[in-house]
Structure formats: structure tokens, C-alpha cells
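> Each chain, letter by letter, is given below.
There are 2 protein chains.
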Amino acid sequence: MASNAGKNPNDLSRRQLFLGGAVAGVGAVAAVAADHALNAAPMAPGAAAPLNGTVTIPFHGAHQSGIDSPPTAHATFIALDLREGIGREELQAMMRLLSDDAARLAQGVNPLADTEPELSLVPARLTITFGFGPRLVDRAGTDRAPRSWLRPLPAFKVDRLEQAWSDGDLLLQVSSDDPLTVAHATRMLLKDARRFATVRWTQKGFRRAHGSEATGTTMRNLFGQIDGTTNPKLGTADLESVVWIDDKSWLAGGTSMVMRRIDMNVDKWDRLDRPGRELAVGRRLDNGAPLTGTREQDEPDFNHTTTVGFPTIPEFSHIRRARSDATHERIFRRSYNYDDAPSDPSMISNTGLVFISFQADIDTQFVPIQRRLDDLDLLNEWTTPVGSAVFAIPPGCEKGGYIGETLLA
Amino acid sequence: MASNAGKNPNDLSRRQLFLGGAVAGVGAVAAVAADHALNAAPMAPGAAAPLNGTVTIPFHGAHQSGIDSPPTAHATFIALDLREGIGREELQAMMRLLSDDAARLAQGVNPLADTEPELSLVPARLTITFGFGPRLVDRAGTDRAPRSWLRPLPAFKVDRLEQAWSDGDLLLQVSSDDPLTVAHATRMLLKDARRFATVRWTQKGFRRAHGSEATGTTMRNLFGQIDGTTNPKLGTADLESVVWIDDKSWLAGGTSMVMRRIDMNVDKWDRLDRPGRELAVGRRLDNGAPLTGTREQDEPDFNHTTTVGFPTIPEFSHIRRARSDATHERIFRRSYNYDDAPSDPSMISNTGLVFISFQADIDTQFVPIQRRLDDLDLLNEWTTPVGSAVFAIPPGCEKGGYIGETLLA
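Protein chains in written order, with full-length UniProt numbering: chain A, 1 to 409; chain B, 1 to 409.
Accuracy of the hints is not assured; some may be wrong.
Stated by the list, open to error - Straight-line Cα separation of at most 27 Å, DSSO-like style, residue types lysine-lysine; simulated pairs:
#1 A:Lys191 / B:Lys399
#2 A:Lys157 / A:Lys268
#3 B:Lys248 / B:Lys157
#4 B:Lys399 / B:Lys191
#5 A:Lys248 / A:Lys233
#6 B:Lys157 / A:Lys268
The hints are simulated quantities; they were obtained by calculation from the structure and are not laboratory data.
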């Protein structure tokens with residue numbers, strides 16, 4: 001558990017947001033850019049709030065960034081396959097390079113090989129998170145054994161997995177409130193990674209833009225559902241115990257990541273009326289309250305029955321099936337919506353969720369929940385997992401170090 | 001010319017931004033949502049600035065929205081092909097329906113058939129702009145003749161056009177600072193359009209996020225260039241004369257739109273050094289100043305020569321070739337970046353520009369500029385037009401009317 005974890009749920013967790021950090025100490029390029037901003041686009045007199053573009057989240061620390069901070073508006077997820085012949089030495093070189101790029105970009109500083117340095121000056125809460133797939137850990141060739149959970153998830157009946165959206169050796173999660181920042185950072189990383197690896201898949205996700213809604217509003221997905229109410233809260237000991245691995249292994253201070261690409265059949269969902277939708281989820285659509293409550297954060301009462309004796313929150317509802325009596329069966333979700341161009345001209349939508357969860361142990365925390373949902377969850381009628389991947393998320397590193405050093409050094 | 005056009009370049013043009021409009025007068029759904037927001041995510045005490053999510057741009061007016069207002073962070077462009085048998089009567093019905101949807105969505109009000117009404121409550125400067133392709137105007141079957149310019153552009157040597165990115169009967173430009181809003185509005189419109197038309201292509205673009213940079217900062221493209229310095233300024237008579245059609249036809253108060261999908265070969269661009277890049281454009285990369293000046297807005301001096309007698313801004317540079325001595329050869333650009341997943345696993349980027357220009361007359365304003373760039377523009381070495389489309393943009397409408405009524409009624 002990180003020593004400086006806040007206990008206040010309004011605390012932005014251990015990673016403080018540094019305002020204005022992007023402009024301070026960036027060197028010549030930033031100085032010119034700041035000068036330019038002054039010349040070309042003066043802020044209104046009296047304007048006090050710093051631009052969100054200048055807000056930074058530290059890259060260095062006990063844990064990797066991009067997990068226990070408020071989700072950004074945009075995230076791009078890229079899985080890479082290692083090239084033939086890449087062993088431990090090359091993995092070290094790759095992770096040193098990528099960690100250095102990520103640390104600079106997160107501060108709003110251009111990486112050394114940046115050919116468009118001005119595009120690096122707007123971090124907008126940029127974080128870059130690295131995950132290791134099973135084959136990368138094998139290639140490291142150490143005796144620091146991989147975890148039992150570092151393998152493809154067990155097969156679920158609902159799965160219709162496509163290889164084009166599944167697995168991978170190295171995961172990059174590039175997350176920022178600014179889509180141009182995500183595009184530039186992604187390209188910088190891939191330019192430095194391409195000697196070592198090729199792109200296996202790319203998934204782009206979004207949530208509400210910065211400034212669209214009050215801070216802390218729970219996300220709605222493209223079914224219109226409020227999604228994430230029961231998530232552990234940022235900055236709490238609860239989140240720390242759900243997410244971080246607390247042992248003596250190379251993953252101490254790290255976590256695991258499950259990615260599921262979940263197609264949402266919005267055309268079929270359209271044919272379900274509002275009461276039907278609320279029964280499928282177990283929550284009201286308007287404010288996300290459980291069907292037995294009035295407010296989003298109310299605890300659902302699964303024993304409550306209707307006047308004719310049926311459970312008010314049906315047995316087949318999503319929230320009933322997702323809930324366990326076993327207190328360790330909890331995960332921390334940080335999902336993003338996707339809405340891609342349909343490949344079939346008869347379709348008007350290609351929509352879904354890049355489901356992301358972090359948990360200390362996939363086998364004991366994620367899998368039991370997913371098994372219950374696989375057995376019975378009315379939402380399965382409208383959702384189909386089409387991609388699946390599992391990554392070990394190494395701990396963070398200090399300045400001068402690199403992500404993965406506990407495995408590779 | 002609109003009667004209430006401001007002459008101050010800092011004026012946000014004739015379309016005032018209405019703060020808080022999304023919450024006022026939205027009816028039951030919004031009331032519940034506002035209540036929800038109050039319960040679930042109270043704003044910090046003393047917070048004064050309205051959320052950008054509540055800012056609206058009026059749909060009704062002399063001109064369509066989404067043209068003479070500051071560009072939003074996101075825009076999705078969809079071209080539709082009319083189904084067989086769609087004539088004037090069906091076009092009327094379609095445009096009535098889509099105009100009503102667009103007017104409601106722009107106010108943060110859910111359209112009548114909205115099955116996820118809560119997703120409509122965050123307009124974030126949403127605008128929806130409609131364009132008519134040549135075939136739609138033919139299908140209208142009136143004697144209000146189409147313009148000479150309402151046809152595919154003349155062929156240019158640089159073109160490598162793909163049908164999958166070109167032409168179309170009806171264009172939807174869905175523009176907002178919030179990507180979830182764009183996704184929901186797009187789906188609402190396509191659900192109502194699908195009886196009449198099928199999707200031909202979808203192009204998604206982005207610029208800097210709201211709040212990333214000071215208002216009025218000129219966009220950088222993914223080559224890192226500042227792009228749009230010489231654009232007519234919002235809220236000026238200059239912009240009005242460049243953009244709006246001023247005659248007695250069905251397009252009075254309307255304009256024309258050129259869309260060019262321009263692939264940018266960023267891998268090849270990487271091999272060009274910084275001085276070479278600046279000569280190709282004719283501007284400094286750091287602050288966008290012409291090579292003969294020090295600040296972005298400085299006028300380029302095309303007669304200035306280096307000590308050895310060569311023009312300081314080369315003849316082959318982009319800004320030299322784009323500039324005409326004919327004062328009417330000007331256009332108003334409102335382009336967006338794109339960065340899609342590469343289709344070829346050996347590539348790491350699929351990047352470019354959804355070039356958009358509005359002008360009263362394509363033949364006399366756009367084509368001469370494009371011809372000069374086609375003949376000689378060093379940037380052509382790194383850029384390739386892969387899509388091209390032309391649309392007539394009908395004037396705006398008042399409440400109770402619909403876009404296209406001057407042609408279809």
C-alpha cells in the first residue's frame with residue numbers, strides 16, 4: 001500500500017495533479033511555445049484557472065500512472081507483438097527507451113527523438129501505462145515465475161473472440177484529455193518500439209470530455225446506462241487493497257489488467273422498452289439508483305419483493321449477478337466507450353465498451369464475477385465479448401529507472 | 001450578410017454561445033438529470049464557471065450552424081447515399097425529421113424518438129450541419145438549377161482518390177467538444193435517416209480539446225505545423241463575404257463545402273530535417289511566423305531574398321503557392337485531424353487531415369488555389385488526397401422550418 005494514500009474520497013489519490021507543470025522547466029522548445037502562446041493567443045485579462053492542457057500527472061512513483069487517477073476523456077490501447085529474437089537484453093533497452101519517452105511526455109516535455117516537439121507541450125493529464133503479456137515475461141527468461149493468472153482467460157459461453165482484438169505481448173495505454181496529445185504520444189512510442197515489436201491491435205476509447213460534466217459524475221455507456229457506481233473510490237484504502245499486489249515478487253506494487261472488447265448491439269437494445277432495460281440492469285436509467293432505491297449510491301436491497309412476490313431487482317439482472325457475498329471478489333473498472341465506423345454498409349453503428357479492470361489477482365477477483373455473469377446475466381442478450389487480453393502491470397519506477405526493471409534487471 | 005454580425009475579431013461571430021441553455025427548459029428528462037447531477041456530483045462550493053457541457057450554439061438562424069463558430073474538439077462527417085425511389089416528397093420528410101432532431105440535440109434536448117434521452121443532455125457546443133450532393137439536388141426535381149460548382153472537383157495530378165472516401169448525396173457534419181455527444185447525436189440522426197439513405201462513408205476528426213489551449217490558438221496538424229493562420233477571422237465582414245452566398249437563389253445565405261481527405265505520410269516527413277520542413281511550408285515550425293517575420297500573424301514578404309539572392313520564402317513553398325494576388329481567391333478552412341488504426345500491420349500510423357473549406361463559389365475561389373498547389377507545392381511530396389467531395393450547404397431555417405426548404409418546399 002502506498003504510504004501517502006489519502007483516505008478522503010475527494011482526494012485525487014496519491015497522484016497529485018500538478019498545475020502548470022508543463023510549462024515550467026521544459027527548456028527551449030517550451031519557452032518558445034509559451035512565448036508564442038503569449039503573442040498569438042493572450043488569455044482573457046483576469047483569467048485565473050490554469051488551462052487543462054497544462055495539467056500533468058507524475059510518471060514516477062511506487063505504482064504506474066493511469067490507474068488510480070480520474071479517467072481522462074480519451075485513451076488509446078495498443079497491443080504489440082515482439083519481433084523474433086527479442087530477448088531480455090532488448091526488452092531492457094526497449095523499456096528504458098519507452099519509460100524515458102513516457103516520463104517526458106507526461107511532463108509536457110518532448111522526448112529526445114521527437115520530430116514534432118511542439119505537439120508534446122500539451123499533456124492534458126497524459127499518462128502512459130505499460131502491461132506485459134505472457135510471452136514477454138517468458139522472453140525475459142528469468143526465474144521470476146509468471147503468475148498463474150498471466151494467461152488467456154478461461155473460455156466463457158458468451159465469448160465470440162476474434163484474434164484481431166485479443167492477446168498481445170506489450171500493452172500501451174495512452175490516456176489524456178486531449179485527442180491530439182494521445183495521437184502524438186502514441187506515434188512517439190511506436191516509433192521507438194518498432195525496432196522491437198509490431199502493432200497487433202489498436203483500440204480507441206472515449207468518455208465525457210474534460211469540463212462536460214461535474215467532476216466525479218459516473219460515466220454513462222452508449223446504452224445510456226450509468227456504469228461504474230460500485231467501483232472502489234479513488235484515493236481510498238479500499239481501492240488500494242483491490243488493485244495493488246502486496247508481496248515480495250517482481251509485481252509488488254503492480255497489478256493485473258483485464259481488457260475485454262464488448263460489442264454492444266444498440267439496434268437490438270433499441271427494441272427493448274425502458275422498464276425492460278431497467279430490469280435487465282437492476283438500476284433506474286435516469287439516475288442509476290438501484291430499483292429498490294432513489295439515489296445512485298443507495299445500496300441495492302436484493303431481498304425486496306414486488307407486491308406479487310417477485311424480487312424487485314430480478315435474479316437475472318446485471319447488478320445481482322455481478323455482486324458477490326465474497327468480499328474479495330471485487331475489481332476496479334476503468335472502461336472506455338468505443339464507436340467505430342461500421343464495416344458493413346447496412347449497419348449504422350459499431351459500438352461498444354473497451355472494458356478494463358485492474359485487480360491484484362485475476363483468478364480470485366475477476367474470474368468468479370465473470371463466471372456468474374456468463375451463467376446468467378440478461379445483459380448478455382445485447383452484449384458480446386469480441387476481444388480479450390490479460391496483462392501484468394509492473395510497479396512504477398523512480399527517476400533513472402524504467403518500467404519492468406523488477407523483472408528485467 | 002447577417003444583420004447582427006459583430007465586427008470585433010474577438011466576437012464569437014453572430015452565433016452567441018448560450019450558457020446554461022441545456023439545462024433550462026428541457027422538460028422532465030433534464031429535470032431528473034439535473035437532480036441527479038445535484039445528488040451524485042455536486043459542484044465544488046463557489047464554482048462559478050458553467051460547465052462546457054452545457055454550452056449551446058443555436059441551430060436556427062439565417063445560416064446553418066457549425067460554420068462560423070469556433071471549431072469544436074471533435075467532428076464526425078458522414079456521407080449518405082439516397083435509397084432508390086427517394087424523391088422530393090421523401091426528401092422533405094427526411095429533412096424535416098433531421099432538422100427537428102438537430103435543433104433539439106443542439107439545445108441539449110432529446111429528440112422525440114431518443115431511446116437514450118440522458119445522453120442528449122450534454123451538448124458541449126454541438127452543431128449539426130447538412131450538405132446536399134449533386135444527386136440529392138437532382139432528385140429534388142425542381143427547376144431551381146444546381147450551381148455549376150455542384151459536381152466532383154476537376155481532376156488534380158496529386159489525387160489518388162478512393163471511392164470509399166469520396167462523393168455522397170447527403171452530408172452530416174456532427175461537431176461537439178464531447179466525443180460521447182458526437183456518438184449519440186450521430187446515431188440519433190442515422191436512425192431517422194436510414195429509411196431514406198445508407199451510409200457511404202464516415203470520417204472522424206479531432207482538434208485540441210476544449211480547455212487545452214488558450215481560445216483562438218491556431219490549430220497544429222499532425223506534421224506539427226500551425227495550420228490556418230491566414231483564415232478569415234470569425235465575426236468579421238471578411239469571413240461573411242468569403243463564405244456566404246449573397247443572391248436570390250435557393251442557396252442565398254448558404255455556402256459550399258469542399259471536403260478532401262488528405263493522407264499525411266508522417267514516416268516520410270520524419271526524414272526531413274527542421275530547416276527543410278520550414279522551407280517546404282514557408283513558415284517557422286515553432287511559432288508559425290513566415291520565414292520573413294517573427295510572429296505568426298506577420299505578413300509574409302515574398303520579395304525578400306537571402307544573402308545569396310534566393311527568395312527567403314521559396315517559390316515552391318506551400319504558403320507562396322496558396323497565396324493569390326486575386327483578392328477573391330480566398331476560402332474559409334475548418335479542418336480536422338484524423339489518426340486511424342493502420343490497416344497494414346507494418347505501418348504504425350494512418351494519419352492525415354479531413355480538409356474542409358467553405359466558400360461562396362468553389363469554381364472561382366477554391367479551384368484556382370488548388371490548381372496552383374497541384375502544379376507546384378513542395379508539401380505534395382508528403383501529402384496525398386485520397387478522398388474528395390463537394391456539397392451545397394443550404395441556408396439556415398427558422399423555428400418550424402427545416403434545412404433545405406428553399407429547394408424542397
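> Among all the numbered hints in the text so far, which are the ones the structure does not match?
1, 3 and 6
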